[in-house]
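K.L.:
Here the protein sequences come in this chain order: A and B. Taking our numbering, the leading residue of the first sequence gets 1, the next gets one more, and so forth. Taking our numbering, the leading residue of the second sequence gets 1, the next gets one more, and so forth.
Think of the hints as simulated: they come from the structure by calculation, not from any bench. Careful: at least some of the hints might be erroneous.
Because identical chains cannot be distinguished in the list, a pair is counted as satisfied if it fits within a single copy or across any two copies.
Derived EDC-like pairs: lysine to aspartate or glutamate, alpha-carbon spacing no greater than 20 angstroms straight-line [unchecked claim]: (1) Lys27 <-> Asp208; (2) Lys365 <-> Glu465; (3) Lys364 <-> Glu461; (4) Lys290 <-> Glu67; (5) Lys155 <-> Asp431; (6) Lys364 <-> Asp96; (7) Lys101 <-> Glu307; (8) Lys107 <-> Glu408; (9) Lys90 <-> Glu67; (10) Lys365 <-> Glu461; (11) Lys290 <-> Glu38; (12) Lys129 <-> Glu38; (13) Lys393 <-> Glu285; (14) Lys290 <-> Glu307; (15) Lys172 <-> Asp406; (16) Lys281 <-> Asp293; (17) Lys281 <-> Glu220; (18) Lys364 <-> Glu465; (19) Lys365 <-> Glu486; (20) Lys365 <-> Glu432; (21) Lys101 <-> Glu461; (22) Lys172 <-> Glu82.
There are 2 protein chains.
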Amino acid sequence: MALERIYDVVVIGAGPPGWTLSIRLVKNGMSVALVENELVGGECNYWACVPSKALLRPPEALTEASEVEGAKQAVHGQLSAESVFSRRNKFVDNWDDSNMKAMVEKKGVVVVRGLGHLDGPRRVIVSSKDDDITLVANKAVVLSTGTRATIPKVKGLTEAQPWTNRNATGAKKVPSSLAIMGDGPVGCEMAHAYSSLGTKVTLLSINDGILGRYEPFVGERLMEVFKRRGISVRTNVNVKEVERLNHKQDHPPLNITLDDGSTIAAQELLVAVGRTPNTDKIGLETVGLKPGDWLQVDDTCLVQAVEGDWLYALGDINHRALLTHIAKYQARVCATAIIERAHGTLTTSNSGGSKSGNSYEPWKKWVATADHAAVPQVIFTDPQIASVGFTEKGARSLDMNVRAVDYEMDAVIGALLHTDGYSGHARIIVDEDRHLIVGATMIGPQVGDLLHSATIAVIGEVPLERLWHAVPSFPTTSEVWVGLLENYGL
Amino acid sequence: MALERIYDVVVIGAGPPGWTLSIRLVKNGMSVALVENELVGGECNYWACVPSKALLRPPEALTEASEVEGAKQAVHGQLSAESVFSRRNKFVDNWDDSNMKAMVEKKGVVVVRGLGHLDGPRRVIVSSKDDDITLVANKAVVLSTGTRATIPKVKGLTEAQPWTNRNATGAKKVPSSLAIMGDGPVGCEMAHAYSSLGTKVTLLSINDGILGRYEPFVGERLMEVFKRRGISVRTNVNVKEVERLNHKQDHPPLNITLDDGSTIAAQELLVAVGRTPNTDKIGLETVGLKPGDWLQVDDTCLVQAVEGDWLYALGDINHRALLTHIAKYQARVCATAIIERAHGTLTTSNSGGSKSGNSYEPWKKWVATADHAAVPQVIFTDPQIASVGFTEKGARSLDMNVRAVDYEMDAVIGALLHTDGYSGHARIIVDEDRHLIVGATMIGPQVGDLLHSATIAVIGEVPLERLWHAVPSFPTTSEVWVGLLENYGL
């Protein structure tokens, strides 16, 4: 008979939400088993945010130095690809999770290696090559198994062994040419990273432009930058067929046929068109859910279609916002909800099947209110792109009475002092009924850390009249705020 | 008989508060004369913030590139002093104010060149080499004449022709050695700038450390950095005597005697021990004020000791916070106050001599509430130092029930990705009674633009429980906020 162990909470998936939640629960006196089939730290740490930012920062730092008179005279030569990769290797611990695992275990979390899957309510079986272990959860099972790159149905695509985010962030050599399917953040970041390393990059977008989910000026401006950098952007095209040519080479080049009949030759093809939830092999069928589905959750991250208050889903798989920081936020929220429910201070639960369980008071510590109000995101291209909350279009689609206010950031002295010839643009979305900011978008060098001022303004629901008194320091780029509020009419 | 002209408002001093206020008033239909004896744009534009940041950014950009593996392989050689100076020259328009003057005039402001001084209530005489002009102000006279470096009474100091901020920011050659009197922001910034250019710098502090007005960790950490960079910091010393040696050279070196009897040889000596208000020659005596005094103002910037509602003082000379951005904030506030008073919608005024006129409702558009609640400041050393609101000590001295919460920024992945070996520290001051943040201080690379998130939190009086939902993007340095709030106990 298989081994059976009992914990307060069993977590499947040790990515950012999994380990964040586990540590919080243990700190609050709960016993937690954290199940992981790959690396403790997850996609983000080893194959996404961390390595991509590690690849993107060296070209950014070098470009900035090259764009400041006085400093640029000391810049000679190119980025060292070898050193960029070795920097990346350091940040991903050479894809060895010993440090992460030790960190999590030191906090008191029990890490269980193997493939975890549900076996009915509150039961998880972990399969590993040695044995099966059954984990019984007293309080809750939390799913945080993340997503993987979607490989669309395109003739020859799978056989051609395309790159996903994993290959792109984990590459050990610089391809001479790279085609990219997808115009979202991953496609754009990798276009920039590999172009900086000398790769001839072609970005293929099925849309009119790139980054269509953001304010229009963002994609337009980044397209201009890409053009200047020699990145070819093909819009309104789809890939019809892919063939890995047989030139008797180790890794022969690809021939990519587009739906307009034209072809592109590229050494590699990165597929970055979307994400598929890792919910197909986790036993969802044993609790009445459909394998492979996204898992709809309420604001405490309880899975809405499952009766009771024991099954939660965090991060990518609940499809609220596929971002590490939102996943970690949900983990903080969900840990609180589990603790409050265990203490009996939070009693709302699902009636099963219905979707009633979302009547929480907003902004409580166990309610993921920001998922609706203010999801921030930074795209680490150069210039950086930062956004939070609603776009103008998004707000209008909800019939909100909003006004978009723009400011050209080259009018900010602090920005010009940062890099000669600074170019950037900022927009805030003002809710005219409530007289506060419900969204902000910026593009420009280093706007990533400027974003949090907007996030706090949105989350804090700080009225414009009060924001008027938040004085940005001279000469910082933050002075864009004065320009935005003046352009609003303050 | 001298020429007499009538305006709604006469402004003496065309620095940042002067021109900011003037433009706002003209936009609101008022006629404005802006009197300037030196350069339109003022101390900040030509001899302070702008040129100092212009000097400081090239070493910062180069250091950052040198601290990112992959980028650093392309950095060879030193900062080009010649190019750094030429960059600085560009930012100060070669000390030619034609552009600034044209910008201001284009907005409809009448610029009057010459030395402006009061000639009784609502009257200003402008003396220039050609003629005297009398300007009569219908509504208000606004003084914004700024400050100049204080030269303390030290034997031989004036005769030795020491540097002030003007010489330090305006230098055309790099001195081989530089002694600096003063451990405040100017002293520290110039120590860093000249050290980066190869100057042997000795910083002389009369205090136990440097930057004593800030949280203690700031000065301690910057001292360590200075030490590593070869900047000598001498604490608890005062300059007793200065002598410019007569070596029959063009510009012979200095011999500086300290009060402990030791001597320092330096090519130049920068005096940065404080500021003196430019109020000695502006006719204060004609309205019952004492020439040379700081001018105490109420929250609309009305000079408290003068009867009525016609005399305002903005910026450095009101001694509230000697910072360009606060001066510009006061200008925005004061312009609104002048307009509201002209419309009769704001009726509070001084009773003359008394200091009663400060009973304004806080946060109104014409009330400079941030002067008390949240003065932000960035010191552009590398690492940057950023602070807003109260220090722990400052809050306790007002008997506030506060708690200081700290976070070591090298635990932030986004920071480490920014520069290898990132080191930084952040502290927030929590008002335990109101459960919100009343101060924040950070030291670390590029924290300058991170500051505004704290400023909005302080100004917006956003409760900690709400701030908890303001999710910083991964992987940005802003994630320091999560660490701070977790360390608080959230």
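K.L.:
With reference to the structure, classify each hint as holding or not holding.
P.N.:
Status of the hints after comparison with the structure:
{"no.": "1", "hint": "Lys27 <-> Asp208", "in the structure": "neither (49 angstroms within a copy, 41 angstroms between copies)"}
{"no.": "2", "hint": "Lys365 <-> Glu465", "in the structure": "between (28 angstroms within a copy, 7 angstroms between copies)"}
{"no.": "3", "hint": "Lys364 <-> Glu461", "in the structure": "both (15 angstroms within a copy, 18 angstroms between copies)"}
{"no.": "4", "hint": "Lys290 <-> Glu67", "in the structure": "neither (53 angstroms within a copy, 49 angstroms between copies)"}
{"no.": "5", "hint": "Lys155 <-> Asp431", "in the structure": "neither (47 angstroms within a copy, 62 angstroms between copies)"}
{"no.": "6", "hint": "Lys364 <-> Asp96", "in the structure": "neither (37 angstroms within a copy, 56 angstroms between copies)"}
{"no.": "7", "hint": "Lys101 <-> Glu307", "in the structure": "neither (33 angstroms within a copy, 71 angstroms between copies)"}
{"no.": "8", "hint": "Lys107 <-> Glu408", "in the structure": "between (47 angstroms within a copy, 19 angstroms between copies)"}
{"no.": "9", "hint": "Lys90 <-> Glu67", "in the structure": "between (28 angstroms within a copy, 15 angstroms between copies)"}
{"no.": "10", "hint": "Lys365 <-> Glu461", "in the structure": "both (17 angstroms within a copy, 18 angstroms between copies)"}
{"no.": "11", "hint": "Lys290 <-> Glu38", "in the structure": "neither (23 angstroms within a copy, 76 angstroms between copies)"}
{"no.": "12", "hint": "Lys129 <-> Glu38", "in the structure": "within (13 angstroms within a copy, 81 angstroms between copies)"}
{"no.": "13", "hint": "Lys393 <-> Glu285", "in the structure": "neither (38 angstroms within a copy, 60 angstroms between copies)"}
{"no.": "14", "hint": "Lys290 <-> Glu307", "in the structure": "within (15 angstroms within a copy, 79 angstroms between copies)"}
{"no.": "15", "hint": "Lys172 <-> Asp406", "in the structure": "neither (42 angstroms within a copy, 39 angstroms between copies)"}
{"no.": "16", "hint": "Lys281 <-> Asp293", "in the structure": "within (11 angstroms within a copy, 78 angstroms between copies)"}
{"no.": "17", "hint": "Lys281 <-> Glu220", "in the structure": "neither (40 angstroms within a copy, 54 angstroms between copies)"}
{"no.": "18", "hint": "Lys364 <-> Glu465", "in the structure": "between (26 angstroms within a copy, 8 angstroms between copies)"}
{"no.": "19", "hint": "Lys365 <-> Glu486", "in the structure": "between (35 angstroms within a copy, 13 angstroms between copies)"}
{"no.": "20", "hint": "Lys365 <-> Glu432", "in the structure": "between (28 angstroms within a copy, 18 angstroms between copies)"}
{"no.": "21", "hint": "Lys101 <-> Glu461", "in the structure": "neither (39 angstroms within a copy, 39 angstroms between copies)"}
{"no.": "22", "hint": "Lys172 <-> Glu82", "in the structure": "within (8 angstroms within a copy, 40 angstroms between copies)"}
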